[in-house]
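K.L.:
Protein chains in written order, with the working numbering: chain A, 1 to 333; chain B, 1 to 333.
If you're looking for bench data, these hints aren't it; they were derived computationally from the structure. Heads up, a few of these hints could be off.
Unchecked claim - When the alpha-carbon atoms are kept at most 27 Å apart in a straight line, the in silico DSSO-like pairs for lysine-lysine are as follows:
(1) B:Lys298 x A:Lys204
(2) B:Lys166 x B:Lys298
(3) A:Lys13 x B:Lys298
(4) A:Lys253 x B:Lys236
(5) B:Lys166 x A:Lys198
There are 2 protein chains.
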Amino acid sequence: MTTKQIVLDSRPKGMPTLANFRFEDYELPDLQAGKVLLKGFYYSVDPYMRGRMSDAKSYVPPLQVGKPIEGSVIARVIESKTDSFTKNDLVMGMLPWSREFIAEGKGLQKIDSLDKHVSYHLGILGMTGLTAYFGLLDIGQPKSAETVVVSGAAGAVGMVVGQIAKIKGCHVIGIAGSEEKIKLLKEEFGFDGAINYKQAVDIKAAIAELCPDGVDIYFDNVGGEISDAVIANINKGARIIICGQISSYNDNKAATGIRPQSALLRKSALMQGFLVSNYISRFPEGVLQLSEWLSAGKLNYRETIIKGFERLPDAFISLFEGGNTGKMLVEIE
Amino acid sequence: MTTKQIVLDSRPKGMPTLANFRFEDYELPDLQAGKVLLKGFYYSVDPYMRGRMSDAKSYVPPLQVGKPIEGSVIARVIESKTDSFTKNDLVMGMLPWSREFIAEGKGLQKIDSLDKHVSYHLGILGMTGLTAYFGLLDIGQPKSAETVVVSGAAGAVGMVVGQIAKIKGCHVIGIAGSEEKIKLLKEEFGFDGAINYKQAVDIKAAIAELCPDGVDIYFDNVGGEISDAVIANINKGARIIICGQISSYNDNKAATGIRPQSALLRKSALMQGFLVSNYISRFPEGVLQLSEWLSAGKLNYRETIIKGFERLPDAFISLFEGGNTGKMLVEIE
Numbered sequence: 001m002t003t004k005q006i007v008l009d010s011r012p013k014g015m016p017t018l019a020n021f022r023f024e025d026y027e028l029p030d031l032q033a034g035k036v037l038l039k040g041f042y043y044s045v046d047p048y049m050r051g052r053m054s055d056a057k058s059y060v061p062p063l064q065v066g067k068p069i070e071g072s073v074i075a076r077v078i079e080s081k082t083d084s085f086t087k088n089d090l091v092m093g094m095l096p097w098s099r100e101f102i103a104e105g106k107g108l109q110k111i112d113s114l115d116k117h118v119s120y121h122l123g124i125l126g127m128t129g130l131t132a133y134f135g136l137l138d139i140g141q142p143k144s145a146e147t148v149v150v151s152g153a154a155g156a157v158g159m160v161v162g163q164i165a166k167i168k169g170c171h172v173i174g175i176a177g178s179e180e181k182i183k184l185l186k187e188e189f190g191f192d193g194a195i196n197y198k199q200a201v202d203i204k205a206a207i208a209e210l211c212p213d214g215v216d217i218y219f220d221n222v223g224g225e226i227s228d229a230v231i232a233n234i235n236k237g238a239r240i241i242i243c244g245q246i247s248s249y250n251d252n253k254a255a256t257g258i259r260p261q262s263a264l265l266r267k268s269a270l271m272q273g274f275l276v277s278n279y280i281s282r283f284p285e286g287v288l289q290l291s292e293w294l295s296a297g298k299l300n301y302r303e304t305i306i307k308g309f310e311r312l313p314d315a316f317i318s319l320f321e322g323g324n325t326g327k328m329l330v331e332i333e
Numbered sequence: 001m002t003t004k005q006i007v008l009d010s011r012p013k014g015m016p017t018l019a020n021f022r023f024e025d026y027e028l029p030d031l032q033a034g035k036v037l038l039k040g041f042y043y044s045v046d047p048y049m050r051g052r053m054s055d056a057k058s059y060v061p062p063l064q065v066g067k068p069i070e071g072s073v074i075a076r077v078i079e080s081k082t083d084s085f086t087k088n089d090l091v092m093g094m095l096p097w098s099r100e101f102i103a104e105g106k107g108l109q110k111i112d113s114l115d116k117h118v119s120y121h122l123g124i125l126g127m128t129g130l131t132a133y134f135g136l137l138d139i140g141q142p143k144s145a146e147t148v149v150v151s152g153a154a155g156a157v158g159m160v161v162g163q164i165a166k167i168k169g170c171h172v173i174g175i176a177g178s179e180e181k182i183k184l185l186k187e188e189f190g191f192d193g194a195i196n197y198k199q200a201v202d203i204k205a206a207i208a209e210l211c212p213d214g215v216d217i218y219f220d221n222v223g224g225e226i227s228d229a230v231i232a233n234i235n236k237g238a239r240i241i242i243c244g245q246i247s248s249y250n251d252n253k254a255a256t257g258i259r260p261q262s263a264l265l266r267k268s269a270l271m272q273g274f275l276v277s278n279y280i281s282r283f284p285e286g287v288l289q290l291s292e293w294l295s296a297g298k299l300n301y302r303e304t305i306i307k308g309f310e311r312l313p314d315a316f317i318s319l320f321e322g323g324n325t326g327k328m329l330v331e332i333e
């Protein structure tokens, strides 16, 4: 059986371009015992994947040039030579960007195929939701009436962070990059205020205005000058959660700018980098709580779903151009 | 009674100079009830005092131009109109740079005048020792066999940090600015290795060489490019304690350079600013433990004592030129 896969043709220098990806035909081998033949359904595109396209050491090993891109994928079982899966089961795992592919049965997680919202397992009930949940609650330790600022607020993680902070009784301000996103944050996600960093003349002043009591928690998906502006407004004992630094993922060298150490010192503040994988043993707790909040209507959720396997590289690149509202996925019919 | 005091004549722009200080005669008023007349004995000079000479908001209110400099001082009671103190008692407090002065009885702490090492209460048994103790143990949480790097290692705080880390079974590397200090760290304070940042061609490589297992804890008194070099060597789960940023205290604007956020993210590392005053309620615990270690010969201690009231401004300025080894004090006979 011949299928199509997307390989890393070359490592991006700076911003990724379509030229870094190559579509190629691929002949699937015979299915061996212990393996399943899968057909892709939903493919997750996430900013962290940019890191794996470089050969710099990071928290996940780099992708190999000439090998398929890998990411979180939900797929349907076409044929199984395992005891764990049968035809038509839905499974999720770290899988290749290929229309069809063979995978080891172990390492796949079964998803209820009657689930109304299968794709949620790649987002609010998966990595991005859990990232928001553990980052905000475990590191941020939000207390009622505290002020929380979220950068990348209309992204997959940010919009969940803001809503959990509201559930915890906080004053929540989001930072995002379009008027449409600002409107969404305030009207659908219940943020108390939001700043369009592309239009604000003085982001620091805008934050000061919307956070009259200062900033107690900053959930940072972005980094760079947006972070400088937030950090200039932190309170004593502030907690800064470093979840992402999308502003610098495409830089060829270390990002430079204002060093935050002096502000941390003056304010006895904490800055903590984290990976959701640090919390694997607590994932069930997080999924349960997020599901309950979703069912109870306390969490809204938004996806940007792009259709068509061939649009995967495009969708990934658009993450760095603010092209997504909420979680971005590519769906294959 | 006329005495001499040192007032802030002007706020330093950048590095403080003698011109920022003015000696002036001062007529002491009559002693009122509840007050004591004191004669200064030991005056502490500390890097944090630079912050109070600016009018920027910081963790302690700024000093006023035309008013005496204030710092930690040990003084002898000449006359008391309180029930708490009598003539010849030794007391410690936040007091003016004046030869003689009047102070409220409350706010003064009595010191045993038979103590062999009275001056230690301004250092290893006072703020700098407690800063080392709580910063390293409470934030750093050192575990046996972990690697600890200390910048400003031959300073009042750094040399205590390194020795406590040794007591806790860590591999300890110090960074300091002279061959004499490097020798001292290794020979008197038991550091496993030390780097002279003024002579190292590549500090990052020097740290990598002396810390073959990476850096688990970085106790930072300095900031700037020395910190960049240490942070480039941190391990997953590293703890970075921001105790001081002496490299930037004399800057007129926010220090710029490599942003540490990406490294914190890649390594799930923590960076925490702190002030010893956050731990006031636990000071007795700290003083007791430090005293025990001193008595048991597990802690060595070093002071740089300058003699003469008129040399106070000089002594203070020299802190920023690496002029001190260990705790710097000015003693008045």
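K.L.:
All hints are to be evaluated individually against the structure, with a verdict given for each.
P.N.:
Hints, verified against the model:
1. The hinted pair formed by Lys298 of chain B and Lys204 of chain A fails the criterion: a straight-line CA distance of about 49 Å is larger than 27 Å.
2. Between Lys166 of chain B and Lys298 of chain B the alpha-carbon distance is near 9 Å, which keeps this suggested pair within the 27 Å criterion.
3. Straight-line distance between C-alpha atoms of Lys13 of chain A and Lys298 of chain B comes to about 53 Å, which puts the hinted pair past the 27 Å bound.
4. For a cut-off of 27 Å, the pair hint linking Lys253 of chain A to Lys236 of chain B stands: about 21 Å separates their Cα positions.
5. Distance restraint check for Lys166 of chain B and Lys198 of chain A: the Cα-Cα separation of roughly 51 Å exceeds the 27 Å cut-off, and the hinted pair is therefore not satisfied.
Checked against the numbered hints given earlier, this structure breaks hints 1, 3 and 5; the rest are met.
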